[in-house]
Amino acid sequence: MTHTQNSAAPAPHVMPVSTYLLVFLALMCGTALTVAAAYVDLGWANNAVALAIAIAKSTLVVLYFMHVKENTRLIPAVIFSGLFMLLILFVNLLADYGTRGWLGVEGR
Amino acid sequence: MTTSPNPAPSLEAPRTHYLNAAYGLRSWLFTRDHKRIALLYLVSVSVFFALGGLMAVLIRMELATPDGDLFQPDIYNRLFTMHGVLMIFFFLIPGIPAVLGNFLIPLMIGAKDLAFPRINLLSWYLYTAGGLFTLWALLHGGVDTGWTFYTPLSTNYVNTSVLTVGVGIFIAGFSSILTGLNFVITIHRMRAPGLTWFRLPLFVWGHYATSIIQILGTPVIAITILMIAAERTLHIGFFDPKLGGDPVLFQHLFWFYSHPAVYIMILPAMGVVSELVATFARKPIFGYRFVAFASIGIAVLGFLVWGHHMFVAGESIYAGVVFSVLSMLVAVPSAIKVFNWTATLYKGSISWDTPMLYALGFIGLFTIGGLTGVMLATLGIDAHVHDTYFIIAHFHYIMVGGAIMGYLGGLHFWWPKITGRLYPVFWSKLSALVIFIGFNVTFFPQFILGYLGMPRRYHSYPPEFQVLNVMSSAGATVLGLGYLMPLVYFVWSMRYGPRATANPWGATGLEWQTTSPPPVENFTVRPVVTAPPYTYASAPAGKEAADVG
Amino acid sequence: MSVETHGASDLAHHFDSYEQQKESATLGMWTFLVTEILFFGGLFAAYSLYRSLYPEAFRAASHTLDIRLGALNTAVLIGSSLTMALAVRGGQIGKPKVTFGMLLATLALGSTFLGVKAIEYADKFHHHHVPGALFHFEGPDAVHAQLFFSLYFGMTGLHALHMIIGVAILAGMLRPALRGAWTPRNHNFLEGMGLYWHFVDLVWIFLFPLLYLIGRHH
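Protein chains in written order, with the numbering used here: chain A, 49 to 156; chain B, 107 to 655; chain C, 874 to 1091.
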């Protein structure tokens, strides 16, 4: 919390245009890479690679386009609390369906 | 909590305050003052409470006799469904946060308003719009799926207003999200100088934890309602086995929100009780940090336990065991709170004012509700009493005995601050007593009924259950009278009650450092906080003070 | 995102400083986006469950999607994110014309995305791949292929709805942009809109591989 006077406006930190262009290029390369990787048979790893590229791309967007790199640490905390809840939803949901057959008893 | 020696503002009843600063309907409907919005919520929430209560009266009338002689079964189905929908989504969830939280959080943290005043007003309009949709559905026959909207019943089989009520809940959900969002940003960014996190009143901690659940849980029920709507209207299947889906997925998504929603109802009430116990025992809360972190602990753990609603729904037995253990873990932070309130009472100088009576009622009833919750978290017991009146009794002890007692206790505590008027002592104490007795006579017999095997959601039952059901219906009559009493004397007090001083209870807390009712800008002098909360004069300045510092 | 204006000042009456106002707006917008994550999260959870249960049906159904249109739309959306970031930058440095031009470009790219999406949807109707009474699918597990299309329409439909809302807001921002409504001192609304637009891009970054690229090597 800050209690500076009204006149003290924060000077926003401005990223250079070149940074944005580089991020844009990286995102386009990532898109090409994810399409190319889909046509290579990697077995179970196909999914993992596709998701890893998507996560890398979204990290770039979040850090640069969405300015999280320059924000307070509270913003990453907010983001991770949301992702953590999503993880809880996925893990508990899939844990139920994944262990359905383990008991070997019909209907359990 | 004390203010630094500013030039002391006059604490006599002010000539202009937020209630008389502007007149006319427009000044209320377009207000951005959090205090006025809280009063708008108070009125609308009370209307829905009355409607939901009316449904409860009709249900108990039907159940006074074993035969289904008052209502047809499909009418009875609509009654208990609309009772649940109105009470949960339109009274209990918005209740304490939108009324008391809205009014008090900016006052308690020394801010002029919430961070987003216009969004605060928007959330009231969304709530009202959602409520109107639900009322419109009610006039067209209501819904008969139960408040849980289980598929495929809700998507394939019933011909009642599932969509209209669904839209109502969807819209009201956004109101809830926006309220939670506003509180979180306000608590993070708008605190008065010197008001560190561990100097916050526990009421604020409770609302912070509540807001986390509102923000993270509500969107999931919103998307689930959209999926129901898509399946019901467009036959875009998600849950219907005929369309390839799985109804149990609906239950997972539904309870991912709807179980934590229980903590949306109870956590603010716990915050209220912490304030009341400290004030009327004249002691700092025992183990302040434990109580504060227990709120966050309940909010987080609350997201891990939803599977205990599905033990007999075909859920994997292994997942069931994990959900069972996690559910029991929630008892730990809950018990921390109860024990710490008890320890605060120990050797306190207790005064038996009306709010304290409600708070003590809360502690006892919440304990019963919580302990039966641990019983229900046990797989074997749950298989036995699932869908019986034992469940009904359990969650009414939490929601009515807990949340509503907390809500009424809070209203009685802050009423002088909100209106600047005092209410009659005798009648208010009597109301606390009548509600406590009426509540127990209503719901304790239902534990026995459920244990004996009476299922929920039927309009008739075998004759041997009649004695306990008549007790329950008689208790409900007493309870209903108990709820009418505050309505009468609160309305009376607004016009005829004696004027309240700025701090009639001698309580700490920033909200008591401004006039009653507060001015539009809340404080004439910006407060500066230099001490932890609950620094009561009679407090032993030993271990406890060190603990909270 | 909401900013109270009080008299001539663009600092709302209940804030002490521009910094407090800006931090509140940013935190508020991010908290809103977290609710959006969980809003889409319900559909992603359903997708994960059903794909793990019926991998073959999902693969067969996914193969009917046009990967070229999907990739094109991904590129269009990434491009619009770039222009949106530059529009916000125009606000930061106080160049109304840059902001205006870049918002216009973002608007055009967003509309392009929606146009391509409309072509894809029309194709689904043409091939009876829309869930419902007329659904028809040549394959071993048509019921669960239909489930894939339910999720496809659910997820891309919700995403497209967010795009439509975004495009509408962008259209409304053009005049204020030219007027210089966003200054280095207070461009909170512009910044919030930028966050929203990038978030919609993020969702698509995940939707593209999950819907279009299942088992393409077969």
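No wet-lab data here; the hints were simulated from the structure.
Treat the hints loosely; a few may be bogus.
To be verified - Cut-off 27 Å, straight-line C-alpha distance, at most; resulting in silico cross-link-like pairs (DSS-like, lysine-lysine):
no., chain 1, residue 1, chain 2, residue 2
1, C, Lys-968, C, Lys-895
2, B, Lys-348, C, Lys-997
3, A, Lys-117, C, Lys-997
4, C, Lys-997, B, Lys-218
5, B, Lys-453, B, Lys-348
6, C, Lys-970, C, Lys-895
7, A, Lys-117, C, Lys-968
Remember, it's a predicted structure, so these values are computed and weren't measured experimentally.
Structure-based check of each hint:
1. C:Lys-968 with C:Lys-895: holds (19 Å)
2. B:Lys-348 with C:Lys-997: Holds, at roughly 21 Å.
3. A:Lys-117 with C:Lys-997: Not satisfied, since the Cα-Cα distance of roughly 41 Å exceeds 27 Å.
4. C:Lys-997 with B:Lys-218: violated (54 Å)
5. B:Lys-453 with B:Lys-348: Violated. Lys-453 of chain B to Lys-348 of chain B sits at ~65 Å, over the 27 Å cutoff.
6. C:Lys-970 with C:Lys-895: Given pair Lys-970 of chain C, Lys-895 of chain C holds - Cα atoms ~23 Å apart, limit 27 Å.
7. A:Lys-117 with C:Lys-968: holds (23 Å)
Hint compliance for this structure: hints 3, 4, 5 are not met, and every other hint is.
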